[in-house]
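Trainee: Taken in order, these protein sequences are the chains called Z and F. Numbered according to the numbering used here, the first sequence spans residues 1 to 305. Numbered according to the numbering used here, the second sequence spans residues 1 to 290.
Derived from the structure by calculation, the hints contain no laboratory data. Check each hint, because a few of them may be wrong.
[To be verified] Residues from chain Z that face chain F, not an exhaustive set, calculated with beta carbons under 10 angstroms:
hint, residue
1, I10
2, S12
3, V15
4, V19
5, L26
6, I27
7, I153
8, S156
9, A244
10, I247
11, C283
[Claimed, not checked] Here chain F is said to cover these stretches of chain Z; the calculated rule only asks that three of the stretch's residues, wherever they fall, bring their Cβ under 8 angstroms from a Cβ of chain F:
hint, stretch
12, 60-66
13, 137-144
14, 249-262
Cβ atoms here follow ideal geometry from the backbone N, Cα and C, with glycine treated the same way.
Here is how the chains run, residue by residue.
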Amino acid sequence: MTRYLLRRLILSLLVLWGVVTLVFSLIHLVPGDPVQIMLGEGAQTGDVEQLRQRLGLDQPIGIQYGAYILGLAKGDLGTSFRFGEPVSVVIAERYPATVELAILSLVVAIFIAIPFGILAATRAGQWVDRLITSVTLLGISLPNFASGPIAIIIFSIVLGWLPVSGRGGPSHYVLPALTLGASMSAILTRMVRAGMIEELQEEYIMTARAKGLSEFKVLFKHALKNGMIPVVTVIGLQFGTLLAGAIITETIFSWPGIGRLTIQAINSRDYPLVQGCILAIACTYVVVNILTDLFYGFLDPRIRY
Amino acid sequence: MRLISSVVTALRPARANTLAAAGSAAALFLILLALFAPVLCPYSYDEQHLPERLSGPSSTHWLGTDELGRDVLSRILYGTRISMLVGLSVVLFSSTFGLVVGCLAGYYGRWLEEITMRIVDVLMAFPGILLAIALVAFWGPGLGKLIFALIAVGWVGYARLVRGQVLKVKELDFVRAARSLGASDGRIILHHLIPNIIQPVLVQASIGMAGAILAEASLSFLGLGVPPPMPSWGTMLNDGRSHLFDDPCLVLFPGLATMLAVLSFNFLGDGLRESLNPKLQAMELKESRS
Chain Z
1 MTRYLLRRLI LSLLVLWGVV TLVFSLIHLV PGDPVQIMLG EGAQTGDVEQ
51 LRQRLGLDQP IGIQYGAYIL GLAKGDLGTS FRFGEPVSVV IAERYPATVE
101 LAILSLVVAI FIAIPFGILA ATRAGQWVDR LITSVTLLGI SLPNFASGPI
151 AIIIFSIVLG WLPVSGRGGP SHYVLPALTL GASMSAILTR MVRAGMIEEL
201 QEEYIMTARA KGLSEFKVLF KHALKNGMIP VVTVIGLQFG TLLAGAIITE
251 TIFSWPGIGR LTIQAINSRD YPLVQGCILA IACTYVVVNI LTDLFYGFLD
301 PRIRY
Chain F
1 MRLISSVVTA LRPARANTLA AAGSAAALFL ILLALFAPVL CPYSYDEQHL
51 PERLSGPSST HWLGTDELGR DVLSRILYGT RISMLVGLSV VLFSSTFGLV
101 VGCLAGYYGR WLEEITMRIV DVLMAFPGIL LAIALVAFWG PGLGKLIFAL
151 IAVGWVGYAR LVRGQVLKVK ELDFVRAARS LGASDGRIIL HHLIPNIIQP
201 VLVQASIGMA GAILAEASLS FLGLGVPPPM PSWGTMLNDG RSHLFDDPCL
251 VLFPGLATML AVLSFNFLGD GLRESLNPKL QAMELKESRS
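With the rest of the complex left out, here is chain Z (with noise of 0.2 angstroms):
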């Protein structure tokens, strides 16, 4: 076990290293000059000088490669030349509405798909079953920006029942998290699924229910245990794109987290809070993915490392 979860952690440290690279190396793609697109057409030679020297572009590549890793083992992202402050703290303020917005998604997800799946797979080859999974179709079809905007329309414009937008009170929650929660039911309920079904059709079960276990223990005590295991590892691949998928969200909702930040970012062309934004949400999801791959080996005691 700690033979595996040393190479799990070298080859993650291997991944973070590309990742910091690739974002780093983003500043360069910029067709012409970053600082005075930055700065727009009419910005004075003086203050392109001055922002070049603050960013270290003036320096050769390889110096400011050096600097950039420099700078991020010491938590230093540059400076947000938005806001006047450095990356680091402006992403540390907007990061946990975004992680809580993932998570209650998450839960949300979790509360749809867990019934459903079942329901879908106890009732395999019937209309249930054919209802649901149609359903999750639509679901998986159905992107964020337009779901989004419709939940508006019916429950915050029509109904009158939730707020349009913002961060406050739990009512502010809920539309934010049913939307980016949506699509990754329909993923799960899909998972959970096709899960249940096979393990319903082991030998375990069969003797389970020959013992004369109620339906509910042989669901939920021996075949849901094990046909979760496949569901937690999308679980935690998913978990990122929900980050990525809460840039969608948080616009359409003017939630103030880090997806919001990134367009804003994107937007004014301050680069270094774009940079700082994007390896923010890649390394969260590298975490959650090396995390996931750990809990697996708990959830299944078969699997040896």
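We have chain Z; now place chain F onto it with these hints.
Mentor: Below, chain F without anything else, positioned relative to chain Z:
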């Protein structure tokens, strides 16, 4: 030519699948709409009728007009062109590139496989849409740049899939036999490996088409995709958001168009997966009988 005949042969079992047939029909319909948009559209996508702005569905403008008085139906039909263009080019180029890289990495192994797979690992460490957003954010918006960003993100999935398939197939007897008969590496890859690994690539390509359409619309929604006045469903949705209270149709119709297009290709992908996977077919049969 050889690749095309492999694809045709690989798709043969899917002909009897209802889901695949429905998906193919819908996909074909969308492609035809895209091709004949100028003929079918009642107005040009940028033709303004300012006195009729935000007029809502009527006999002259079936789906209403937007804030500049442009016909929503015409813009949605022209938007199909953008979606199909992006989807098809992204799928074509990323699957071809992924196929080549995956084949070479899986077949030759060693350092080539190590380097390729580490690059794949790094690119896969980003949620797909995030990397596309990052690339477009720094490159700047534009149709060509958008397509290139989606290809840069999309090929990795194919490469990983193909490499895995090649690793399995290259050890099979018929490949060993071909090698012992003196077949060149190129011949083995083209004539023996690709025809035997193409099916999962086709499934991924059809689902990838849905993903590319969705990604294009998402980026356009965020203002990072197709520049105005070119009509993209994502841009139309974003523009319509400011009229949620007075004209919700501006959000509903482009949203519906995006959903139907994505749904068509998801149907196709699901249908292909069902019909090309004998294990899944057997399981479904068993389920329906029980």
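Trainee: Indicate, hint by hint, whether the structure satisfies it.
Mentor: Structure-based check of all given hints:
1. I10: violated (12 angstroms)
2. S12: Since the shortest Cβ distance to chain F is 9 angstroms, the answer is holds.
3. V15: holds (5 angstroms)
4. V19: holds (5 angstroms)
5. L26: Holds: closest Cβ of chain F sits about 5 angstroms from Z:L26, inside 10 angstroms.
6. I27: Z:I27 check passes; min Cβ-Cβ to chain F is 7 angstroms, inside 10 angstroms.
7. I153: Check passed: Cβ of Z:I153 comes within 5 angstroms of chain F, closer than 10 angstroms.
8. S156: Holds, because the Cβ-Cβ distance from Z:S156 to chain F comes to roughly 9 angstroms (cut-off 10 angstroms).
9. A244: holds (4 angstroms)
10. I247: OK, holds: Z:I247 within 10 angstroms of chain F, min 7 angstroms.
11. C283: Holds, because the Cβ-Cβ distance from Z:C283 to chain F comes to roughly 9 angstroms (cut-off 10 angstroms).
12. 60-66: As far as the stretch 60-66 of chain Z goes, the hint is violated, because 0 residues have Cβ atoms under 8 angstroms from chain F.
13. 137-144: Result for this restraint: holds, n = 6.
14. 249-262: Coverage by chain F holds for the stretch 249-262 of chain Z (3 residues, Cβ < 8 angstroms).
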